[in-house]
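Engineer: Take a look at the letters that make up each chain.
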Amino acid sequence: MQTQRRFSEMDVPRQSTIIRAHQLCHSYGQGELRRQVLQSIDLTISAGEVVLLTGPSGCGKTTLLTLIGALRTVQQGELEVLGLPMQGASRDQRRSVRQKIGMIFQGHNLLRCLTAEQNVQMGADLLPKRSYATRRALARQWLRAVGLEPELGKLPHDLSGGQKQRVAIARALAAEPRLLLADEPTAALDSRTGREVVDLLKSLARDQGCGVLMVTHDPRILDVADRLLEMEDGQLQERKVLPQAGR
Amino acid sequence: MSLWPAQWWRARRIPLAWLLLSRQPARLAIALAGISFAGILMFMQLGFRDGLFDASVTIHRLFDADLVLMSPRSMSSISMAGFPERRLIQTLADPAVEDVTPVHWNFVLWRNPETRQTRSILALGFEPSDKLFINSMLGTQAPELRQRGRVLFDERSRAEFGPVAQWFRGGKLVESEVAGQRLRVAGLVQLGPSFGADGNMITSRETFVSLLPTSPHGSIELGLIRLRPEADPLQVAARLKKQLPQDVSIFTKQQFIEFEKNYWRSSTAIGFIFTLGAAMGFVVGCVIVYQILYGDVSDHLPEYATLMAMGYKLTDLLGVVAREGLMLALIGYLPAYAAGEGLYALIRNSTKLPVGMEPQRALLVFSMILVMCMGSALLAMRKLADADPAEIF
Chain X
1 MQTQRRFSEM DVPRQSTIIR AHQLCHSYGQ GELRRQVLQS IDLTISAGEV
51 VLLTGPSGCG KTTLLTLIGA LRTVQQGELE VLGLPMQGAS RDQRRSVRQK
101 IGMIFQGHNL LRCLTAEQNV QMGADLLPKR SYATRRALAR QWLRAVGLEP
151 ELGKLPHDLS GGQKQRVAIA RALAAEPRLL LADEPTAALD SRTGREVVDL
201 LKSLARDQGC GVLMVTHDPR ILDVADRLLE MEDGQLQERK VLPQAGR
Chain F
1 MSLWPAQWWR ARRIPLAWLL LSRQPARLAI ALAGISFAGI LMFMQLGFRD
51 GLFDASVTIH RLFDADLVLM SPRSMSSISM AGFPERRLIQ TLADPAVEDV
101 TPVHWNFVLW RNPETRQTRS ILALGFEPSD KLFINSMLGT QAPELRQRGR
151 VLFDERSRAE FGPVAQWFRG GKLVESEVAG QRLRVAGLVQ LGPSFGADGN
201 MITSRETFVS LLPTSPHGSI ELGLIRLRPE ADPLQVAARL KKQLPQDVSI
251 FTKQQFIEFE KNYWRSSTAI GFIFTLGAAM GFVVGCVIVY QILYGDVSDH
301 LPEYATLMAM GYKLTDLLGV VAREGLMLAL IGYLPAYAAG EGLYALIRNS
351 TKLPVGMEPQ RALLVFSMIL VMCMGSALLA MRKLADADPA EIF
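Read top to bottom, the protein sequences are chains X and F.
Per my numbering, residue 1 is the first one in the first sequence, and the count goes up by one each step.
Per my numbering, residue 1 is the first one in the second sequence, and the count goes up by one each step.
Rather than coming from a laboratory, the hints here were simulated on the basis of the structure.
Possibly wrong hints are sitting among the right ones.
As the list claims (entries may be wrong) - Taking lysine to aspartate or glutamate and the DMTMM-like style, the derived pairs with C-alpha atoms no more than 20 Å apart in a straight line are:
#1 F:313 x X:92
#2 F:261 x F:64
#3 X:129 x F:98
#4 F:241 x F:98
#5 F:313 x X:230
#6 X:240 x X:230
Claimed, not checked - A few chain X positions that, by computed beta-carbon distances, are all more than 10 Å from chain F:
#7 59
#8 195
#9 226
Glycine included, C-beta positions come from ideal geometry on N, C-alpha and C.
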């Protein structure tokens with residue numbers, strides 16, 4: 001019954017393409033007010049790659065991120081995420097793709113009423129067929145990985161900005177994603193904390209064999225990238241990565 | 001989801017609904033106060049309503065009768081009309097009828113022996129040798145009424161009739177002026193007031209007629225008929241109805257009770273008023289719970305959107321709101337129930353109405369609260385449609 005398998009259950013071999021966009025276009029508004037934000041984007045990202053996306057604000061970075069994150073429907077062109085065509089994908093198909101994508105937001109977006117541990121478990125709870133105890137152990141394990149085990153009982157309110165962002169990373173990774181999307185994860189952090197968070201993100205993603213696509217304005221973290229993409233006026237360009245001194 | 005509890009327990013997730021409620025104590029307190037208030041209002045109003053209907057038939061329930069004869073012109077216990085006593089005697093011809101008790105029933109003015117103020121009291125007149133009440137309520141006091149001018153006073157009558165029971169127990173000779181005649185209290189009974197009658201007294205037919213000399217001779221207000229044990233009251237009632245002329249109506253005891261209740265229910269606005277009061281409580285509760293749940297969903301909209309971005313289903317989130325509603329209903333009902341019990345005790349003491357926490361009403365109020373909370377949750381869920389995961393980046 002190969003043909004009847006659910007999309008989400010299909011296996012994609014590691015070190016293969018996880019994102020492939022071809023002639024991807026996107027626009028907002030209707031008629032006169034129609035504004036093209038993405039123009040013929042071609043993009044390929046493989047598993048295990050850390051790709052940074054930069055560009056001036058309003059250039060369409062976030063739109064590209066939401067399209068890849070299966071949060072928007074594809075209007076024109078082709079987009080394949082984790083081996084699944086996104087053009088014409090149903091609501092439910094997009095949701096099951098999102099279960100395999102970890103997302104880290106500019107403002108951490110933790111649940112205020114949940115402790116750090118419970119927030120991370122909200123990610124682990126998405127994994128099917130695992131007992132509550134297993135998922136809780138997983139949540140602890142990820143909190144330990146981001147160095148926050150002592151704070152597991154604290155509410156987001158009582159955590160610092162860097163700690164909150166680390167909880168958000170643990171939450172994203174706890175769902176065992178194959179792709180991590182991050183939107184300005186360091187925007188609300190000072191440079192040292194931002195550096196730590198990004199390094200952590202990169203090393204954990206590497207260990208999981210998980211691709212990373214990160215939108216950032218922050219010039220201090222560009223060196224973590226395997227590849228650097230620059231977007232301007234809805235068009236994408238590959239830039240050379242400049243290895244920084246000391247790394 | 002599996003039906004097996006162990007598997008369900010294993011597959012459970014973070015109890016988000018409970019955490020949302022319990023980690024926002026101020027919001028929870030307001031919600032619970034609103035639900036309890038609505039519940040208490042419903043308990044109060046429905047309790048009063050049922051209490052009224054029950055109180056209106058306190059005496060009706062006590063009559064020792066299988067069938068009851070009444071004038072077709074009698075609409076309720078506060079407007080009893082007379083019918084010829086002959087009709088009651090006629091029923092004795094039926095082989096199923098064992099014996100009968102003619103009863104006089106009217107309101108007379110009772111003068112408070114202490115303050116000298118008069119108040120309307122329900123007087124029942126019967127032949128002291130006849131059976132009147134079940135459970136031998138009158139005890140050995142009935143023969144006392146053979147003497148003219150003696151009455152049995154209902155000690156549950158409202159206090160406005162004077163400290164009759166207290167004086168009587170104290171060994172004092174209690175006399176009062178009733179309908180212009182001096183009567184002596186010969187004993188006490190426990191009947192209870194109703195919305196129609198603030199107090200009751202029982203006397204002999206002879207004394208009764210002397211109190212109301214204008215009432216036509218040979219006319220009674222109530223005829224109690226007792227049947228042989230094997231007889232079916234409904235069959236006998238149907239048979240007697242055919243035989244008797246149209247100037248009497250015949251009821252079984254249960255029909256007699258329902259007839260009285262029905263008067264209060266339909267012919268007066270009382271039932272409507274109390275039902276409306278309960279409905280008001282329901283509406284107020286709905287508004288409060290809706291406000292709370294709607295506010296909760298609105299405040300957490302970015303969080304719900306985040307959960308959707310993570311891959312949670314919309315139905316998972318709807319379930320969270322539904323569970324919040326369910327928990328509010330369950331937790332809010334408890335204080336309402338406790339307060340209801342307390343209020344009923346208060347009503348029993350101050351108005352002497354027979355109001356209690358009946359399982360049926362407890363269940364009804366619980367269902368109303370459940371409908372209130374789940375309905376509000378359902379309306380608040382519409383707000384979840386605004387949670388757009390594409391907007392959170």
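Engineer: Next step is simple, just say for each hint if it's right about the structure.
Structural biologist: We went through each hint and held it up to the structure:
no.	hint	verdict
1	F:313 x X:92	holds (8 Å)
2	F:261 x F:64	holds (19 Å)
3	X:129 x F:98	violated (76 Å)
4	F:241 x F:98	holds (17 Å)
5	F:313 x X:230	violated (34 Å)
6	X:240 x X:230	holds (10 Å)
7	59	holds (14 Å)
8	195	holds (22 Å)
9	226	holds (22 Å)
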